[in-house]
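Peer 1: For the sequence shown, position 28 (counting from the first letter as 1) is numbered 41 according to the working numbering, and the numbering increases by one without interruption.
To be clear, the hints were calculated from the coordinates, so they are not data collected in a lab. Note that CB positions come from ideal geometry on N, CA and C, so glycine has one too. Certain hints may be false.
With beta-carbon atoms standing in for the labels, derived distance ranges [to be verified]: (1) Glu36 / Ala67: 13 to 23 Å; (2) Glu25 / Gly73: 37 to 47 Å; (3) Asn26 / Leu54: 32 to 42 Å; (4) Ala66 / Arg39: 17 to 27 Å.
Distance condition first, Cα-Cα at most 20 Å in a straight line; then the derived EDC-like pairs of lysine to aspartate or glutamate [to be verified]: (5) Lys68 / Glu56; (6) Lys40 / Glu56; (7) Lys40 / Glu60; (8) Lys68 / Glu25; (9) Lys40 / Asp52; (10) Lys68 / Asp52.
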Amino acid sequence: MRKQFIARVGQENSANAHRIVQEALRKAATATTTNGAIDLLGEALLELDRLLAAKSARAGWHYARRVAA
């Protein structure tokens with residue numbers, strides 16, 4: 014049961030990440046300026062960072078320490 018829950022949460026996180034990226038790419042493609050597109054993509058990266066931080070917190074470790082190591 015626990016493995017099924019972990020697999021489902023992982024799939025949901027992957028789906029959320031995919032949704033964030035796809036939405037950002039669509040918005041960036043229709044942005045009126047290059048800077049606007051860059052801003053939209055930057056916002057998507059920040060949202061992905063928050064998603065990863067939340068996932069890491071639930072797993073009980075801090076991903077920034079792991080990345081920096």
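Peer 1: Would you list, in rising numerical order, the hints stated earlier that this structure does not obey?
Peer 2: Numbers 2, 3 and 10 - these are the hints that the structure violates, sorted from lowest upward.
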